[in-house]
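Colleague: The hints should help you fit chain Z onto chain V, whose structure is shown.
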Amino acid sequence: MGDANAAGYDIEATKANTDYAMKQQEAERQLVLQGLQMMDRAQQNQNSVYNTRLQNMTGLASNLLGGLFN
Amino acid sequence: MNNVQINQQLPAALSQQQMRAAMNNQYANAMAMGDPRYSVKSGQYIRPGMSLGKGQWNQAGIDSARKMAEGVSDAYRQDLANQQYNANVGLQGQANQEGFTQALGGLQQQNNYANQMAALQRQQTAMNFATSLLGGLLN
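Chains V and Z are the protein sequences, given in the same order. Residue numbering for the first sequence follows the numbering used here, beginning at 1 and increasing consecutively. Residue numbering for the second sequence follows the numbering used here, beginning at 1001 and increasing consecutively.
Rather than coming from a laboratory, the hints here were simulated on the basis of the structure. Please read these numbers as outputs of a predicted model, since none were measured by experiment. Check the hints yourself; a few may be wrong.
Said to hold, decoys possible - Chain V regions said to be covered by chain Z (calculated; three or more residues, Cβ under 8 Å):
no.	region
1	12 to 21
2	36 to 42
3	57 to 68
Stated by the list, open to error - Partial list, computed: chain Z residues near chain V (C-beta under 10 Å):
no.	residue
4	L1010
5	Q1016
6	M1019
7	A1022
8	N1024
9	N1025
10	G1061
11	I1062
12	S1064
13	N1096
14	Q1097
15	A1126
16	G1136
17	N1139
As the list claims (entries may be wrong) - Calculated from the model, a selection of chain Z residues having no Cβ within reach of chain V, i.e. all distances over 12 Å:
no.	residue
18	G1034
19	S1042
20	Q1044
21	Y1045
22	G1053
23	K1054
24	Q1056
25	W1057
26	N1058
27	E1070
28	F1129
In this text, a Cβ means the ideal position worked out from N, Cα and C, and glycines have one as well.
Isolated chain Z, as found in the complex:
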């Protein structure tokens, strides 16, 4: 049988350490793209029977800069998305807790009302009985 627990703390969302590790790795990969040799080795500038000239190396440098910039941009975007996720988790948890608390309060109020109405009904019954008795005695 499972125990149902309320008001339990949410597990921690993404830690700063995790996000920093992901950011560092993505950033490092982006920096590695900055080496033009990587673009050259990727194959698009290698043609059978042709040596690489300055033009190809120049284009490889441009490609590398573009890949590096894209990688850095992706790293920051991912980090931002992670932080946004953490913020959303906190917000959602808070909203859930608030909804639960309101529902509990409403339930308690309804219950109190029902109990009071039942007590009132008993009072009325007792008063009716007393009225009947007195009416009979004084008749």
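Next up, chain V with everything else stripped away, as it sits in the complex:
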């Protein structure tokens, strides 16, 4: 019975390791996805800031020119 128990223990230990590794891998994937989402959001925010600045600058130039040549 000792050998049978050892073989059974070996099987269960491998199952536990495999289950743990799978859960860890899935958690890492979720972490990677969240990181990428945050990076994308940061890039979109940067785009938004840049565009707003551009609009402000062109608006300012337009007003200035309009005032000068009026």
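Modeller: The following block gives chain Z in isolation, referenced to the frame of chain V:
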């Protein structure tokens, strides 16, 4: 700080060697049950002051055959369960990988869309400015 790795290979599930070892051991234990003496020695046929007759030995033989059959059945059932476990691990790993890939693709698409919209907005700003200039000049 831990490094996050993606696309890493899953550790191998149950190996053929492990499953064979478990199967062999369970099978051997089941075969050992086939000895009627084991059933006799288990105590249920031993009564104080009574010798074992043919009836008891006959019943012990029947019990042994039953235990042996149950043991063999259990060994095969366990082996099947182990193989099923391996198949499930492979399937689950594949499903996880597929879900991750789809999520990555969706994210990339959204990001491209957002970038294109931002570029379009800049184009519109530039065109509005040019329009204002030309409108002022030609007025």
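Colleague: For each hint, tell me whether it holds in the structure or not.
Modeller: A quick look at each hint next to the structure:
Coverage of the region 12 to 21 of chain V by chain Z holds in this model, with 5 residues showing a Cβ closer than 8 Å to a Cβ of that chain against a need of three. Check on the region 36 to 42 of chain V: 3 of its residues sit with their Cβ under 8 Å from a Cβ of chain Z, so the three-residue criterion for coverage holds. Remark: the region 57 to 68 of chain V is confirmed as covered by chain Z, as 5 of its residues place a Cβ nearer than 8 Å to a Cβ of that chain, reaching the required three. Satisfaction of the interface hint for L1010(Z) is found here, the shortest Cβ-Cβ separation to chain V being roughly 6 Å, below the 10 Å cut-off.
Against a cut-off of 10 Å between C-beta atoms, the interface hint on Q1016(Z) is violated, since the closest Cβ of chain V lies about 12 Å away. Given hint, M1019(Z) at the interface with chain V, holds; its Cβ is 7 Å from that chain's nearest Cβ, closer than 10 Å. With a cut of 10 Å, the hint placing A1022(Z) at the interface with chain V holds, because the nearest CB-to-CB distance is about 4 Å. The criterion of a C-beta within 10 Å of any C-beta in chain V is met by N1024(Z), whose closest approach is roughly 8 Å, and the hint holds.
Annotation: interface hint on N1025(Z) holds; nearest CB of chain V at approximately 4 Å, less than 10 Å. A hinted interface residue such as G1061(Z) counts as satisfied when its beta carbon comes closer than 10 Å to some beta carbon of chain V; here the least separation is about 22 Å, so the hint is violated. The beta carbon of I1062(Z) comes no nearer than 23 Å to any beta carbon in chain V, farther than 10 Å, and the hint placing it at the interface is violated. For the restraint placing S1064(Z) at the interface with chain V, the shortest Cβ-Cβ distance is roughly 17 Å, beyond the 10 Å limit, so the hint is violated.
Checking N1096(Z) against chain V: minimum C-beta separation of about 5 Å stays under 10 Å; hint holds. At its closest, the beta carbon of Q1097(Z) sits 8 Å from a beta carbon of chain V; the interface hint therefore holds under the 10 Å criterion. At about 7 Å, the closest approach between the beta carbon of A1126(Z) and any beta carbon in chain V falls short of 10 Å, and the interface hint on this residue holds. With a least beta-carbon distance of about 6 Å to chain V, the hint placing G1136(Z) at the interface is held under the 10 Å criterion.
With a least beta-carbon distance of about 9 Å to chain V, the hint placing N1139(Z) at the interface is held under the 10 Å criterion. At roughly 16 Å from the closest C-beta of chain V, the C-beta of G1034(Z) stays outside 12 Å, upholding its exclusion from the interface. With a least beta-carbon separation of about 14 Å from chain V, S1042(Z) lies farther than 12 Å from that chain, consistent with its non-interface assignment. Against chain V, the non-interface label of Q1044(Z) holds: every CB pair exceeds 12 Å, the least being about 20 Å.
For Y1045(Z), the requirement that its beta carbon stay farther than 12 Å from each beta carbon of chain V is met, with the minimum near 22 Å. Listed as a non-interface residue, G1053(Z) keeps its Cβ farther than 12 Å from every Cβ of chain V; the least gap is roughly 30 Å. Under the 12 Å C-beta cut-off, the non-interface status given to K1054(Z) relative to chain V holds; the minimum distance is some 30 Å. Even its closest Cβ contact with chain V, about 25 Å, leaves Q1056(Z) beyond 12 Å, as expected for a residue assigned away from the interface.
Every Cβ of chain V is farther than 12 Å from the Cβ of W1057(Z); the closest lies at roughly 25 Å, confirming the non-interface assignment. With a cut of 12 Å on Cβ distances, N1058(Z) stays outside the contact zone with chain V, its closest approach being about 27 Å. Even its closest Cβ contact with chain V, about 15 Å, leaves E1070(Z) beyond 12 Å, as expected for a residue assigned away from the interface. Not every Cβ of chain V is farther than 12 Å from the Cβ of F1129(Z); the closest lies at roughly 4 Å, contradicting the non-interface assignment.
In terms of the numbered hints stated before, the structure departs from hints 5, 10, 11, 12, 28, listed from lowest to highest.
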